[in-house]
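S.K.: Read off the chains here:
There are 2 protein chains.
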Amino acid sequence: MAPALELLEKSIEPLPTKAFPGTQNGVSAGGSPSLESQEKHQRVMNVFRAFIADLCQQYGEGHAGSPMGMTAIGIALYKYVMKYSPKNCNYFNRDRFVLSNGHACLWQYLFMHLVGVQSMTVDQLKSYHSSRLDSICPGHPEIEIDGVEVTTGPLGQGVASAVGLAMASKNLAATYNRPGHEVVNNMTWCTVGDACLQEGVGLEALSLAGHWKLNNLCVIFDNNSVTCDGTADVANTEDINMKMRATGFNVVDVYNGDTDVAAVVNALDAARSSDMPTFLNIRTVIGIGSTQAGTADVHGAALGVDEVARLKRSFGLDPNEFFYIPQDVYDFFRDIPGRGEAHEAGWKATLAKYREEYPELAAEFALRVAGEMPNDWTKCIPRKEEHPTASTASRKSAGVVTNALAQNINTFLVGTADLTPSCNVAYKNKVDFQSPELQTVCGLSGDYSGRYIHYGIREHAMCAISNGLAAFNKGTFIPMTSTYFVFHLYAAAAVRMAALQNLQQIHIATHDSIGVGENGPTHQPIAVAALYRAMPNVLYIRPCDAEEVAGAYIAAIQATETPTIISLSRQGLPQYPQCSSREGTLKGGYVFTEAEGGDFDVTLIGVGSEMGFAMQTRELLLKEHGIRARAVSFPCTRLFEQQSREYKQSVLKPRAGKPTVAIEAYPSNGWERYADASVSMNFFGKSLPSKETYEYFGFAPESITAKVKDLVEEVRRDGIGILRGDFRDLNGSLQIHLEH
Amino acid sequence: MAPALELLEKSIEPLPTKAFPGTQNGVSAGGSPSLESQEKHQRVMNVFRAFIADLCQQYGEGHAGSPMGMTAIGIALYKYVMKYSPKNCNYFNRDRFVLSNGHACLWQYLFMHLVGVQSMTVDQLKSYHSSRLDSICPGHPEIEIDGVEVTTGPLGQGVASAVGLAMASKNLAATYNRPGHEVVNNMTWCTVGDACLQEGVGLEALSLAGHWKLNNLCVIFDNNSVTCDGTADVANTEDINMKMRATGFNVVDVYNGDTDVAAVVNALDAARSSDMPTFLNIRTVIGIGSTQAGTADVHGAALGVDEVARLKRSFGLDPNEFFYIPQDVYDFFRDIPGRGEAHEAGWKATLAKYREEYPELAAEFALRVAGEMPNDWTKCIPRKEEHPTASTASRKSAGVVTNALAQNINTFLVGTADLTPSCNVAYKNKVDFQSPELQTVCGLSGDYSGRYIHYGIREHAMCAISNGLAAFNKGTFIPMTSTYFVFHLYAAAAVRMAALQNLQQIHIATHDSIGVGENGPTHQPIAVAALYRAMPNVLYIRPCDAEEVAGAYIAAIQATETPTIISLSRQGLPQYPQCSSREGTLKGGYVFTEAEGGDFDVTLIGVGSEMGFAMQTRELLLKEHGIRARAVSFPCTRLFEQQSREYKQSVLKPRAGKPTVAIEAYPSNGWERYADASVSMNFFGKSLPSKETYEYFGFAPESITAKVKDLVEEVRRDGIGILRGDFRDLNGSLQIHLEH
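So the sequence lines, in the order shown, correspond to chains L and W. The opening residue of the first sequence carries number 1 in UniProt numbering; numbering runs sequentially from there. The opening residue of the second sequence carries number 1 in UniProt numbering; numbering runs sequentially from there.
In case anyone wonders, no lab produced these hints; they're calculated from the structure. Among the clues, some could well be false.
Same chains, same label: a pair holds when it works inside one copy or across any pair of copies.
Computed list of lysine-lysine pairs in BS3-like fashion (alpha-carbon distance at most 25 Å, straight line) [unchecked claim]:
1. 691 with 353
2. 686 with 353
3. 379 with 474
4. 428 with 379
5. 707 with 686
6. 126 with 686
7. 40 with 623
8. 686 with 474
9. 691 with 126
10. 430 with 40
11. 348 with 474
12. 686 with 384
13. 348 with 623
14. 709 with 691
15. 707 with 658
16. 430 with 474
17. 430 with 653
18. 126 with 707
19. 658 with 709
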């Protein structure tokens, strides 16, 4: 026996499998079909595992170990427990399944094939790790594939998405179900490996699932005691069961999870009737059946030709038969498409009765199922004449819009990472999303129909859970999150997953720029914008006043396949009713104001809370130096990039000898595309009051004016434009000292 | 009583304070001085809390609540338990203290003043939230301030740094202590609020502290049951004590932590003799003494003029006396500087004896204390002629250097987020950093002298803990981390803290670019480089071959105030012994090869694993189209920016009509500074084998040649250069669909 395997056996406490009420003679009580014999299960497992070995052997690589170890779990889920319809994978009330240990994707692909997902052919299975462009078997599951709920791979993200999927069901059920009419009652199943229980984002999300008592969530731990570095003990010796109990989960052990299908079925069935989320700690052996079973060697590698042959022989299979699925194994799964159709038909019947009894609710529900918003959402966006004219923080302007949207449209789930008093997303008459049980336990208000979500101080989980909310059924929810912009760096890996999956979300990012002030350099979000401006399929929008805020919301709502970050100021901002426009905002950048008289000497680009500096500098330049400046507002570089070349040139007006200067309290990175120089923050900030922070770093009309004047004069003197590679950081840069 | 306060009282189990052996008559056994009377403590607490209230009232803002609630904890720590020397805050063997709830900084500043840290005057205390540029009382504690160990504020970072500080002590102690000679034996104390126990990075780090049995770490939970959103219950109802026990902590409750100094002292003292890390769950009342005590209203706000007056009266203080510290309160802390000097003198005496007994070890230790590396580290960097000439993955070239450095120099602590088989940082004869107890418990090898660290699948904690390792005493350690580059997005908030604190680290980031292949878009790190290139004080270096890898390590070791990310390929890369140079790498960008014959038509910028495409395109352009191309290698934009204008122009050679094209499989963002066009990835990747992924996205010499040829012809045809705002994304961009 391999040393790691010995350790594994030692670490398993010899407790009996927990017995559940209603479980008799191997037939489970939770509505699952009768169990077939263990002999039959073993046959299916052998064929399954040999097929996985063949798939990885094809190109001599891939993840074989976990799919082999998890085979019994898969049979329990796909054959007995999950309610789904392989002929219509997107049937609304289906159970959701998330493979949070996404590298085990072959497991999912092969089960999808066996249960009859039509696109998942043997030919497709063989495309894993191939160079085929039409493959639907990528190295990690992707949301675009029929039967895959969310893209997984980056560890911890899947389980957080699963929490979001379970929340989505809870919220819909609480909102639309009526006594005797359960139009939403699906479960969420999520497999995890060691990693998802080590990654912070997973731990944050699990803590919330426990708090919210999401009893429609079952987390299935493929506890094979092995990670890439060897035995999982090498970096983790905590008592996971105790930890999960402390976190509010119902914890169930299964000790022979790689062979005992009945035990797994019982445990899964019991999860359906738990009053808490369930954590199944299922002991398995990675790469079971191979001689390297139970070791890290079978984690991310093929077994080798000889070993695959040996394994098949030991399974009673022909070593010369490859990709072998005999008819009896297909037959084993033959009932599933029909059962799926029955689930769907049952749901439709429920829906029909519901429609009769509750026509208005049913109409709204139908809209939600269709992923559509009420057409009149535009009424929630204030008209230009409704904006205040006095100085207003853009977080306040945004609060007005969030309030109107969230009050009136159930599509919006609005959350905060413990910054309700700061982010202005709490809306009138909000109801908190909470377990109603907590009303008696600790006096909290709220229930599952609530759409205001207290995520606690868990920015990463907030955004990762939002991915699940948005993925439940596209358009049914538009999750909104809120925190300080700098903390979107904690959440970056989750926002990236949203962008990759084309999930619509609105992230309210307040306290942007150095204007946040006293909280100091830790809270002044230098460089975070550079990330989101570069990240594909993200709209990072920095509006400069209430009108641009309106435009930012319109863009965010219209971008149905895209997460949007609306970046907002803590401090008051001047309003520019004569210059700002929502239409301009939707184009990403636009002429804010031309120079007096038409001709100009310099173009100033202003962004967000720094637009005021551009406008004041423009005045000073004229008054004190006779320099004619035009101003461009640039709330969103990505939207601007989508405009025509002609439009872009009409905004930027590139002319030799007439430089363009961007003014933004972020690093200059990115402005080189549009400007010759910038007044930027190529260093970290400082703890001072807002205005003084700006002044300290040269963001004051007087200092900017002096620098722009010098630049204009230099360019005039030297003739033509500024050379490539000679971009001017007018505020300078941090120098890195290399010791010699 | 405020409702939140009632809840708080209800939630406290009525257990007695745990009694510790050797604790009698209020005098603790752990080497602390005798306790003064509770009456005296109450007097000091009253004065302290009133002073905090005055400080926040000054500017009508700031965080008053936690400092007031934590006053008794502070007295216990600063007066009785911590071993430190206020006259020499950096004395090497001092106990380390981390305020992970950094917003409570006034608490730390005021205690620093009271115990005699000379720079922390009353005048300085009053500068909190002022516009004074010379303030050493910023909104969150900063490492530059005498007496502050690490910068905190972004929640969860501090506690992870504390784990690093405790590891550093353990490693030094195991390496240098000898029986009867304890040259390192300090404790690490860390206060946390609810947030640090919710944030994923904190949870990851705590899990490791438990695993490693860091009994020199004591985490002090200021359990005031309140967060910004109100009662902490609103987002967290887990059983934190059970969770911490499951994580491997010794858990101790203190129930009257805002008044009972003796109880806190006992608990803290006991932590010194625990065989596990200690978690003190100390119940406090936020803003105690004020009428809003126990509510979120006192978290981040001043109390108001009238309320401050009322509070002072209730404390028996004169409401008209401001910033009042009477002599008896100073007297209470008067013994501390002397005790600090005694600690230091004791350590020096220990060191003197040690030097006699172990002169060689003592010499090495002295070098570590001085923060210096052996001079001969350069021998660990392979010479140019030692590189392989065949295609080699840069992760392998880097492995050679890491191996030599880590084998020979104790300064390097090398870690991995469970990617030992992939990242090539495991060095010959490595010893794992582990608790020696785990050898018997689960057969793990390693002990605390080990310098190879299995962080598990916890990228964020890996980097955040590394901040503590680097901050223990600058230069004593250079932490190295390793994971796939895409997962540095998980760790971004921690790397940012390293950059902000000027902490030297080397992050080995393998599997960069889309060349990672089959793992697919989740693992192909689009946009991560844009973040790190924009982040101040980070060196992001992408070497193209073994020689540039050597240069990258030299830069990383020479950058003693800077974290460096060395970005490496999974796949084999061609070697360019005729072109590549470490000297060029240190300049960030350099001429790789000029065009044949001297004059040129186009400049191609190649980076890292895409340099091969630039070189192959260069050949094809000449052969097939007679276009003469020069090639520039550009491993590090930040190092290049530090060069003179003349040098930069000599590399880029900007000429009208001779375009520059950057070739990199990342978004084009940033290349606009140096190029007119780029072959980039302005979209997410795809799961295909490495070469096919490149080809799919147009990274193949033939397709690049065609695009560059078109561009050169267009520029020739139209005359001069490419206009501002007209940068050419030769591979196109992802379009975001806005619904109308």
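S.K.: The structure should be examined with respect to each hint, and the outcome stated for every one.
M.R.: Against the structure, the hints come out as follows:
Taking the closest pair of Cα atoms, residue 691 and residue 353 never come within 25 Å of each other, the shortest separation being 62 Å inside a single copy and 56 Å across copies. In this assembly of identical chains, the alpha carbons of residue 686 and residue 353 never lie at most 25 Å apart, being 63 Å within a copy and 45 Å across copies at closest. In the homo-oligomer, the alpha carbons of residue 379 and residue 474 lie at most 25 Å apart inside one protomer (23 Å), although the nearest pairing across protomers, at 58 Å, exceeds that limit. Only within a single protomer do residue 428 and residue 379 lie at most 25 Å apart by alpha-carbon distance; the minimum there is 17 Å, versus 67 Å between protomers.
Taking the closest pair of Cα atoms, residue 707 and residue 686 come within 25 Å of each other only inside a single copy of the chain (22 Å); across copies the shortest separation is 45 Å, beyond that limit. In this assembly of identical chains, the alpha carbons of residue 126 and residue 686 lie at most 25 Å apart only when taken from different copies (17 Å versus 56 Å within one copy). In this assembly of identical chains, residue 40 and residue 623 lie within 25 Å of each other by CA distance neither inside one copy nor across copies; the values are 89 Å within and 65 Å between. When the C-alpha separation of residue 686 and residue 474 is checked against a cutoff of 25 Å, the pair qualifies only between copies, where the shortest distance is 22 Å, while the shortest distance within a copy is 42 Å.
With identical chains, the CA atoms of residue 691 and residue 126 are at most 25 Å apart between copies only, with a shortest distance of 19 Å across copies and 62 Å within one. Within a single copy, residue 430 and residue 40 get their C-alpha atoms no closer than 54 Å, and across copies no closer than 48 Å, so neither meets the 25 Å cut-off. In this assembly of identical chains, residue 348 and residue 474 lie within 25 Å of each other by CA distance solely inside one copy; the values are 20 Å within and 67 Å between copies. Taking the shortest Cα distances, residue 686 and residue 384 never come within 25 Å of each other, neither inside one copy (36 Å) nor across copies (43 Å).
For a Cα distance limit of 25 Å, the shortest separation of residue 348 from residue 623 qualifies neither inside one copy, at 72 Å, nor across copies, at 67 Å. In this homomeric assembly, residue 709 and residue 691 come within 25 Å of each other (Cα to Cα) only inside a single copy, at 23 Å, whereas the closest approach across copies is 51 Å. Taking identical chains as interchangeable, the C-alpha atoms of residue 707 and residue 658 lie at most 25 Å apart only when both belong to the same chain, with a minimum of 15 Å there against 31 Å between chains. In the homo-oligomer, the alpha carbons of residue 430 and residue 474 lie at most 25 Å apart inside one protomer (24 Å), although the nearest pairing across protomers, at 50 Å, exceeds that limit.
Taking CA atoms no more than 25 Å apart as the test, residue 430 paired with residue 653 passes in neither setting, with 47 Å inside one copy and 61 Å between copies. For the identical chains of this complex, residue 126 and residue 707 are neighbours neither inside a copy (63 Å) nor across copies (35 Å), given an alpha-carbon limit of 25 Å. Proximity of residue 658 and residue 709 under a CA criterion of 25 Å is satisfied intra-copy only: 12 Å inside one chain copy versus 30 Å between copies.
Checked against the numbered hints listed earlier, the structure breaks hints 1, 2, 7, 10, 12, 13, 17 and 18; every other hint is satisfied.
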